[in-house]
Amino acid sequence: MSEETRFNPHVADTRWQKAWEEQRTFVADDASEKPRCYVLEMFPYPSGRIHIGHVRNYTMGDVLARYKRMTGHEVLHPMGWDAFGMPAENAAMEKGVHPGGWTRANIENMKAQLKRLGFAFDWTRELATCEPEYYGHEQALFLRLYEAGLVYRKESEVNWDPADMTVLANEQVIDGKGWRSGVEVERRKLSQWFLKITDFAEELLDGLGGLDAWPDKVKLMQENWIGKSQGLRCIFKFVGSEDGIDVFTTRPDTMFGASFVAVAADHPVAQRCAENAPSLQEFIAECKKGGTTAAEIETAEKQGFDTGLSVEHPLDASWHLPVYVANFVLMDYGTGAVFGCPAHDQRDLDFARKYELSVTRVVADGDQTASDFEGDEAYSDAGKIVNSHFLNGMNVDEAIAAVIATAQNEGWGEGQTQYRLRDWGVSRQRYWGTPIPIIHCDECGAVPVPEDQLPVKLPEDVSFDIPGNPLDRHPTFSKADCPKCGQPARRETDTLDTFADSSWYFIRFASQPSDKPFDKAAVEKWLPVQQYIGGVEHAILHLLYARFWTRALSYIGLLDVKEPFASLFTQGMVTHQTFKHGDGSWLSPDQVKKDGADWIAIEDGSPVTAGRIEKMSKSKKNVVDPDDIVDQYGADAVRWFMLSDSPPERDLEWSESGIEGCWRFVNRLWRIVDTYNRYAASDISIQSQQTNLNLVSSAHLTIDFVGKDIERLQFNKAIARIYSFTSTIEKAGPGYPYWEEAVETLLKLVAPMTPHLAEEAWSSLGKEGLIANAPWPQVDPAMLVEDEVTIAVQVKGKLRDTLTVAKGLPKDELEALALASEKVQRNIDGADIRKVIVVPDRLVNIVI
RNA sequence: GCGGACGUGGCGGAAUGGUAGACGCUACAGACUUAAAAUCUGUUAUCUGAAAAGGUGUGCGGGUUCGAGUCCCGCCGUCCGCACCA
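In our numbering, the protein residues as written are 1050 to 1897.
Hints are supplied without guarantee of correctness; some may be wrong.
What the hints assert, rightly or not - Pairs of lysine to any residue residues, derived as SDA-like cross-links and limited to a Cα-Cα distance of at most 25 Å, are as follows:
1) LYS1506 x LYS1528
2) LYS1268 x LYS1670
3) LYS1569 x ALA1615
4) LYS1268 x ILE1708
5) LYS1670 x TYR1682
6) LYS1528 x ALA1495
7) LYS1670 x LYS1266
8) LYS1266 x ARG1282
9) LYS1670 x ALA1615
FYI, nobody ran anything at the bench for these hints, they're computed from the structure.
What you are looking at is a predicted structure, and each value in this text was computed from that prediction instead of being measured.
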């Protein structure tokens, strides 16, 4: 075979990327009359290089976007940069570069990388959240939310590094210690800004019901995150006092099993008791050690401190319970105080055993009704209430209702709906973020920056030689006059959580006026995003915040859209084999080779352990740089690999043999095109060896399946179909009836996936215009009907024979044919037939 | 600790409760070639068997059903998220 039949991706890639750009092929037209389709992938953080996981994400979106264009839609497929964040500040500290310079240089590099992959982005709408043209509008939106009462200030805990005197992100706390200082981290309270996401808890929960095209698991995770529960809020009065402790419980049915009341370390009762008790002060300080993450707090050993106070049981004033301060009670949830029922809650049981408190069974585990509870495993299942006076004999739900009713009658408590969801703390004590547009005045308090003074720009002249927020020590930034009274005041130096930046970027993509965040009518022409694609790690926070932000904008009248993302797809990670030396150091896959059954280092032949297949990460040296593989194989083979084999929601393992296989397929497609052209140019007629192939029906079946598979993002299945169709075309060969049409169909089917090859082929076939603009092939339903089916014949559920029969054959005829089978008769072996199950066009099962 | 998922050949995976292993990768054999690469053809779950055929088989243990990879119950293992990473 001659050289020129090899596809040259380096020539084709640049040629067609240039053509698309010059012809503005993928620029979305706001004025279009076509049906609209907004396809969006989560925008990347500009960390420096495009990661192979990005390539997978954007390839999926790109295939859908290109397919939607070919099926007659006006497609909006934008790209931008989630450009604020901690890594830029880390780079500043480590390399002495400016976060802005570092970030903008990264954006340039990564943009060039993305362009090489031929993604059909509308680059005219590119945005970066770190530019005042973006964050200025965000500040305006923040102030609108502030005016609407959705922003407030309260105290909240942060990770505090006492050595560096700085706030740490959870990520910067390693095993309870500061990542740079190595000193044990403390929890410290700061006054911070919050968004009232809890006002929308019920709406956000209800809204999930309408998100039919979201994965169930994501909806379930969000539901659990919002964590709606019904319970009882009630007072446990201090003995001999009208004052008491406000307690929330979801299990009022277990009230007669109470053996203690516990409050959080920050609870006012704990604080008051500590005033004259140094040992309690010490205990509270101990509770403040360690980071703020839920996992850390909840896995810490349960500890308590007896305050010496007693409270009365609400249902029996003569029954007194001790009050503890406990490290596992959270001030943020409920009322910051609980009553402990050890028999039916594992945490309470651990605590009660440790401090030798009574453990009374109040829910029967079958016939276990004794009041003394044995063992160290709490019983939290359903059952009958026992040892509980007027509740005895009820089931759990009846008892819950009865206690709430009693509490309301007697005036010591009431039923309450509780959410686990907390308000969103948006203050960050960091430089590289959106400045919060507030000025603090001694006289007037917190005063919003007037809209005509926006954006509040981040100063660029900052230094990172000492830890902490450089805005705090900037000579002029924090100095401002109060907009209300004109007196000297202090500008807020905290910046906004970067999740705020990513909570409305999809809106700005749809409409980018310079004088306001967006134009309502323009946005509503595009939103909701028809398909949103990104990593499952965003299942809760980003997606919940974006839903909230959209609803909040709708609440203040800026938008009539409630849910931003009509369908969501969460894709899996890209993984790769890891390799380790005996000394524990990692080796990259190109530093090792196989030596028989073992792996050795190429450099010195030393033995290497093949480790687990893990998410690509620099530290484990199992990364693959997209640029390198595009250099080697071209964009199309890489794109094909991203789509093939693994289902998109699962992890994809990068492998050398896999990409080689994709490269071979790209060339296989090219050879078909080459054959097509050579056959068209000659007048020799070629007689195919095959006669039993039906190219027309395979083409239509493939069009049908591939279209449906792309719509469902099941690219691996679409690709399997395309492989089969390709084989059929090859077997048939030129000259076979319908061969040329079949090849043209094949090119259109692969056009969204391997667009450069498809354009190159399309033009070599002498077709007019871009294949990107060509219409998707039409399915003729008449061609999908098969006239023969294969029937499975089972005896007692085991396959014994298959029959090929006309489609739609009646049951009795199928049964007769099955019984006539020699193999079936042999297996029945004269036994009585008890039953015959016939599923038309499917199977016959003979039960003996 | 809480929440969510996943588990099928040597590997990635396919399979409206109805023929388990489509399609791809790898490996092996053959063709072409002086040779190699590329390409093409064939084989490739496992056990017994020369073959025909038969047994076993979807993490483990039960259950529902004429029939279970799929549904139900109980385990085991692995991965992800947990509010200041993005």
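To see whether the hints hold, each was checked on the structure:
no., hint, verdict
1, LYS1506 x LYS1528, "13 Å, holds"
2, LYS1268 x LYS1670, "35 Å, violated"
3, LYS1569 x ALA1615, "18 Å, holds"
4, LYS1268 x ILE1708, "35 Å, violated"
5, LYS1670 x TYR1682, "22 Å, holds"
6, LYS1528 x ALA1495, "14 Å, holds"
7, LYS1670 x LYS1266, "32 Å, violated"
8, LYS1266 x ARG1282, "31 Å, violated"
9, LYS1670 x ALA1615, "38 Å, violated"
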